[in-house]
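With the hints as extra help, turn the sequences into a complete structure.
Read off the chains here:
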Amino acid sequence: MVKDEGAEVREAAERSAILELLREVKDPELPMIDIVELGIVRNVETADGVVHVDVTPTYSGCPAMQVIEREIVTTLAAHGFPDVTVHTVYSPAWTTDWMSDETKQKFRDYGIAPPRMASNSGGIAELVSLRRARATVDCPFCGSANTVEKSEFGSTACKSIHFCNSCHQPFDHFKAF
Amino acid sequence: MSDSLFQYLVRLGDDRLVLGHRLSEWCGHGPILEEDIALANIALDLVGQATLYLKLAGETEGKGRSEDALAYFRDAIDYRNVQMVELPKDDYAYTIVRQFFFDVFSFHVLEQLQSSKHHELAGIAGKGFKEVRYHVRHSSEWVVRMGDGTPESHDRAQKAVNQVWRFTAEMFETDAIDREMASSGIGADVEAIKPKWEAIVMDVLRRATLSVPNDPPAMTGGRRGRHTEYLGHMLADMQSVARSFPSSATW
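Chains as they are written, first to last, in the working numbering: chain E, 1 to 177; chain U, 1 to 251.
For the record, the hints were derived by calculation from the structure and aren't laboratory data. Mixed in with the good hints, there may be bad ones.
Unchecked claim - Below are the DMTMM-like pairs computed for lysine to aspartate or glutamate, each with C-alpha atoms no more than 20 angstroms apart in a straight line:
#: 1; chain 1: E; residue 1: K150; chain 2: U; residue 2: E34
#: 2; chain 1: U; residue 1: K196; chain 2: E; residue 2: E126
#: 3; chain 1: E; residue 1: K150; chain 2: U; residue 2: D36
#: 4; chain 1: U; residue 1: K194; chain 2: U; residue 2: E170
#: 5; chain 1: E; residue 1: K150; chain 2: U; residue 2: D237
#: 6; chain 1: E; residue 1: K106; chain 2: E; residue 2: E29
#: 7; chain 1: U; residue 1: K117; chain 2: U; residue 2: D68
#: 8; chain 1: E; residue 1: K106; chain 2: E; residue 2: D54
#: 9; chain 1: U; residue 1: K55; chain 2: U; residue 2: D68
#: 10; chain 1: U; residue 1: K55; chain 2: E; residue 2: D54
#: 11; chain 1: U; residue 1: K194; chain 2: E; residue 2: E126
#: 12; chain 1: E; residue 1: K150; chain 2: U; residue 2: E35
#: 13; chain 1: U; residue 1: K55; chain 2: E; residue 2: E69
#: 14; chain 1: U; residue 1: K196; chain 2: U; residue 2: E170
#: 15; chain 1: U; residue 1: K89; chain 2: U; residue 2: D237
#: 16; chain 1: U; residue 1: K63; chain 2: U; residue 2: E35
#: 17; chain 1: U; residue 1: K194; chain 2: U; residue 2: E173
Pasting the structure below:
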């Protein structure tokens, strides 16, 4: 049986509408960023009146994932979708490379230096060599490259802590991975 | 096959859960603030990875055991981590040396597992592989700082190497479960990893002006549920709250 084009158009419109609703769910730590632009939402399907949302975790221990899953369910329920199932998918692994330039600018506006492009190609010999090039992170406040990393591990596992020698402000940097 | 897969996933999860817990014992006690934060973050990564492996293990087993049930309601005899990760935190040099030995091993294991024929395992490993890159960089740098540091830091680091070295061989043991997983393209080949691990470790130790002891590595048994005297106490600490309130909905 061939689906009529009308049904396909309606399904696509519904998927689109649900994705728009999911933009109301923000990352709990980054209130200016929604889970769709972050790349956490991987797919939306409707089957027999149940909405299936596929999400993928950012890093393994991210404690925000449970909050995000609950908010997906409550947000969609509030907009007339009472039957929602959230599935966690692990492949392809989430990467900061999925972030758009617009999203990265939102990070800067919030005072967090956005991630650079991830480079997972270096072998272990390079990692333990002490010779890695430490690319500077530009200050999100004044734009200066005269910054120094204070700690590779920050307030959350995805961030590192830096200090700007130009405007003398500390700032977070979202690490690339 | 599915019982072997369950056991294999439990091993992956238990290594990281136990090690993550040991690292978390430094929270609030780190030698400097940045290291307190670093170890807490690395612990979080490891416990997060363990959660994913144990969740998949429970689903594979099909008896309704969640990752929490596996973490909090198994006794030491049913834990399948290598003994090295359950050793106490001791001093900072000991923690860093043990962490470094594990990080180099985990790097190579996850590098292989991200191409596992088991789709979900590959995804979980791929995620962990990006994180272990930060871990191995951190621990190797500290091994060199302390080994090639002050006389005191060098002594402590050398003492740590002398004590932990005999536990390292267990990471490269293979049994029927490992062979079955590797031959079906699901699991990692740790025998192939061993020479790579040795090359990296010996190079970093040399740069840290540290030597390895002559006695051949001897401690084993963790993969079969035979653990050191430390694990039971650690689990009592880790599990006591959940076991005090077993009927609470989730932990």
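We went through each hint and held it up to the structure:
A distance of roughly 8 angstroms separates the Cα atoms of K150/E and E34/U; the hinted pair therefore holds under the 20 angstroms criterion. Our distance criterion of 20 angstroms between C-alpha atoms is met by K196/U and E126/E, whose separation comes to about 14 angstroms. Our distance criterion of 20 angstroms between C-alpha atoms is met by K150/E and D36/U, whose separation comes to about 13 angstroms. Straight-line distance between C-alpha atoms of K194/U and E170/U comes to about 11 angstroms, which keeps the hinted pair within the 20 angstroms bound.
Taking the CA atoms of K150/E and D237/U, the gap is about 33 angstroms. The hint is violated against a cut of 20 angstroms. At most 20 angstroms may separate the alpha-carbon atoms for a hinted pair to count; K106/E and E29/E meet this at roughly 13 angstroms. With a CA separation close to 26 angstroms, the supplied pair K117/U and D68/U exceeds the 20 angstroms bound. Of the pairs offered as hints, the one joining K106/E and D54/E is violated, with about 25 angstroms between alpha carbons and a cut-off of 20 angstroms exceeded.
A C-alpha spacing of about 8 angstroms is found between K55/U and D68/U, which places the hinted pair at or below 20 angstroms, so the restraint holds. At roughly 17 angstroms between alpha-carbon atoms, K55/U and D54/E fall within 20 angstroms of each other, so this suggested pair holds. Simply put, K194/U and E126/E have alpha-carbon atoms about 19 angstroms apart, close enough for the 20 angstroms limit, and the pair holds. Using a Cα cut-off of 20 angstroms, the hinted pair K150/E and E35/U holds, with the two alpha carbons roughly 11 angstroms apart.
Among the hinted pairs, K55/U with E69/E is consistent with the structure: their alpha-carbon atoms are about 17 angstroms apart, no more than 20 angstroms. Between K196/U and E170/U the alpha-carbon distance is near 16 angstroms, which keeps this suggested pair within the 20 angstroms criterion. Only pairs whose Cα atoms come within 20 angstroms are accepted, and K89/U paired with D237/U is accepted, the gap being roughly 14 angstroms. Restraint check for K63/U and E35/U: not satisfied, since their Cα atoms lie roughly 40 angstroms apart, outside the 20 angstroms limit.
For the hint pairing K194/U with E173/U, the CA-to-CA distance comes to about 10 angstroms; that is within 20 angstroms, so the pair holds.
Going down the numbered hints, you'll see the structure goes against 5, 7, 8 and 16, while the others check out.
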